[in-house]
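A.B. asks: On the provided structure of chain A, position chain B as indicated by the hints.
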Amino acid sequence: MRVAYASPLPPQRSGIADYSAELLPHLARHCELTLIVDEGVTPLPELAAAFAVAPARRLPELFARGAFDVALYHLGNNRDFHSGIYQRLLAHSQRVPAVLVLHEYVLHHLVRDVTLHAGDPDGYVEAMRWSYGRSGEATARRVVSAGVPLDPFRYPLFEPAVDAASAVIVHNRTTAERVLASRRAARVFEVPLHLSLAGLPTTNRAEARRLLGIDAADFVVATFGFLTEAKRLPVLLRAFARWRAELPRARAERARLQLVGELSPHYDFGRAAPPDLRAGVEVVGRLPLDRFLLHMAACDVAVNLRHPTAGETSAALVRLLGLGTPVVVSRAGAFAEIPDGCCAKVDLDEHEEELLLATLRALAADDGLRASMGENARRYVGAHTPERSAAAYADVLRRAVDERWRAAPTPAPLAPFPAHDLFAELVRDVAAELADAGAGEGEATLPEIAAALVELGLDGAGKGARQ
Amino acid sequence: MTDGGGRRVCICATQVLFAWGGAEILVECLRDQLRLRGFEVDVVTQPFAWPTRLDIPKAGLAWRMLDLRQVGGRRVDLVIGTRFPSYLVRHPNKVVWLIHQLRQVYDLLGTGYSDFTPHDARDATAIEMVQAMDRRGLGEARKVFTISGNVAARLARHNGIEAKVLYPPPRLDGRLRCGPFGDAVFTIGRLDEIKRVELLVRALSHTTHPVRARIAGTGPQREALVALAAKLGVTDRVDFLGFVTDEQVVEEYAGSLAAYYAPYDEDYGFVTVEAFQAGKPMVTTADAGGVLELVRDGENGIVSAPEPRAIAAGLDRLWADRDEARRMGEAGRERVREIAWDRVIAELTA
Chain A
265 MRVAYASPLP PQRSGIADYS AELLPHLARH CELTLIVDEG VTPLPELAAA
315 FAVAPARRLP ELFARGAFDV ALYHLGNNRD FHSGIYQRLL AHSQRVPAVL
365 VLHEYVLHHL VRDVTLHAGD PDGYVEAMRW SYGRSGEATA RRVVSAGVPL
415 DPFRYPLFEP AVDAASAVIV HNRTTAERVL ASRRAARVFE VPLHLSLAGL
465 PTTNRAEARR LLGIDAADFV VATFGFLTEA KRLPVLLRAF ARWRAELPRA
515 RAERARLQLV GELSPHYDFG RAAPPDLRAG VEVVGRLPLD RFLLHMAACD
565 VAVNLRHPTA GETSAALVRL LGLGTPVVVS RAGAFAEIPD GCCAKVDLDE
615 HEEELLLATL RALAADDGLR ASMGENARRY VGAHTPERSA AAYADVLRRA
665 VDERWRAAPT PAPLAPFPAH DLFAELVRDV AAELADAGAG EGEATLPEIA
715 AALVELGLDG AGKGARQ
Chain B
3 MTDGGGRRVC ICATQVLFAW GGAEILVECL RDQLRLRGFE VDVVTQPFAW
53 PTRLDIPKAG LAWRMLDLRQ VGGRRVDLVI GTRFPSYLVR HPNKVVWLIH
103 QLRQVYDLLG TGYSDFTPHD ARDATAIEMV QAMDRRGLGE ARKVFTISGN
153 VAARLARHNG IEAKVLYPPP RLDGRLRCGP FGDAVFTIGR LDEIKRVELL
203 VRALSHTTHP VRARIAGTGP QREALVALAA KLGVTDRVDF LGFVTDEQVV
253 EEYAGSLAAY YAPYDEDYGF VTVEAFQAGK PMVTTADAGG VLELVRDGEN
303 GIVSAPEPRA IAAGLDRLWA DRDEARRMGE AGRERVREIA WDRVIAELTA
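Taken in order, these protein sequences are the chains called A and B. When we follow my numbering, the leftmost residue of the first sequence carries the number 265, and every step to the right adds one. When we follow my numbering, the leftmost residue of the second sequence carries the number 3, and every step to the right adds one.
So that you can see chain A by itself, here it is in the shape it has in the complex (with noise of 0.2 Å):
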């Protein structure tokens, strides 16, 4: 079986580049593998020794030569690295089956680069239209018009990327879902994000602090990867110096919260951590991979929250599991989904800080909670290897092969409409209209509205004319 291989690899600094890496040796043990890498790519030596590597540009030659029985798309939200694959996928999914490993479902910002920042409005309104009917249509009108922001996380836009796959891999139940909520009839297969223990630093927490320098006394809580809103960093420093604002001077000294990762350019870190807050916490910033491993395993307790989520399994979180760390975790989205006993769980409501600092104290009073949760995470992590993951992978490309199969046919309702068609118009105005006064999916109106234009006979207008 003759793979094409689209993804991000190192040395591109990307967390798919790494899952790649990890995956393919054991993934060639089922099928020949062709790396299909973007303009300027070179990927490191090891694998361009290992295997086959053609550029994107060739692609079509290729296809049209017969050289792939199956094609491997990798998606992420990243530009920098997806908009390629993105393309690639739209344009030839019809000449072998399509396999799309979608490592998260929220798109938006991909599909809106590719598109709308491309110079291309027509494209992004399409994309809109097709993934979301005249209501997404006209939101996206919107969007262009006027620059009104949109949430991408009601308008995930993964739908162009399924419609053109013939089967799509996710690494969580949470994505799976939400994948088949709009797209029932897509082939979802879920396949854990796997760790390769071999990969971990095989210190101890003794050791770890050693090497870096941290006290054996001092308690250690926090968090890790790339810091944005999304990992609700006012919560974590409000319940960190409560927290600690409980305990005996002595102990309170010791108490600290690293911060380990870049920080997002995007991201108001002065606003987040006013100067009260900041007692006891460290800015670690950006580190090596060893350096950050390192980290992983030095700290007492990690916090990984995380608000909203784009269905992505976070590869750190992952990572200190793998090393026995006890993570308290947000109940949501794929984290949700990790069994209660290798994490804590803090529910994100307004008890979120109180449940965060309860939390806090437990582990920190108690060394056999924290061993046990780590044991459990440790154990849990380590069935999803590597190999396991490629012989998933592979089983879905056989059948994709031996199956032939396809992307479902679009279904027929998003068909574009044609110009002169006043009942469309009209639909697409009162859509625009009920979008800009704020009306969302769910709103009861909506029902009402369809009803009334049915029951004024509009639908049914100037049938004639329009065929």
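Worth flagging that the hints you see were computed from the coordinates, not collected in a lab. Glycine included, each C-beta is placed from N, C-alpha and C at the ideal position. None of the hints are false.
Here are a few chain B residues that face chain A, going by a calculated C-beta distance under 10 Å: (1) Leu56; (2) Pro59; (3) Ala128; (4) Ile129; (5) Val132; (6) Ala134; (7) Met135; (8) Gly139.
C.D. replies: Frame of chain A; chain B shown alone:
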């Protein structure tokens, strides 16, 4: 006289912004007359303008989305629809007193008064939409009345809907009186092309007697009419009165020789009823539509071809024989005796 007993009625009226005419007057009178009889009444309006075809179904939809079943926790007992698209309102007890439909897609189609072209796909769709909306809005009404036989005939012809004629009394009902038969023909209304006041001005240039015209009302045609009078050399025989008070109207009718009213295929025409209530004969044309339901040539007025010379002959005839004019006016008064609010309200609220 009907007793409303506090029953709640909503009159649904299509609002033409910055315009005031027969339809608006009718709605106001109906409201006042209902109140007089103990009904609790309000007028519900939504503006209707259609710079584009799309605005037509949108206006229909807006009326349809209006829920008037109850207001402030209390039931509305009756809604009365009037002009398109106000009768699309949804209510379990809806009657329509149809002033007119969207005439541009029906009887005016193909005339200079409508810019719809049925070969155009968008226009064809718009026309079908109006027809579908009318079928629904009028078809579901408990009863459909029209303000004239002309409107009822159009409804039967274009939509196959039967309606009963219920002539509305004019606003000055009960106040109009007859005075001496002077030398001027009086006309009143919006100075629009379709009202054809121009025919009257032209006719003056063909009369053998020095018949005068007194023209009340304003409108887009005014300048053109003034210029026309000057061109025809009849300026000293035409008075443009502009906006006039009710008292002036009563006086004008009372002192006139006759009233003139000859729009193209008019729905109804209050002028006719007003003139007859004032005991004056009507001068009109054979294509004036609803006006002809009340006017009989030689009996209570003069019906001529829509040409200046023919109209001039009629004016001369009345000028020369004031007794005949008086006799015709009397006959007219008899003809409209039945047109009364008591009857209208009894029918609408039955």
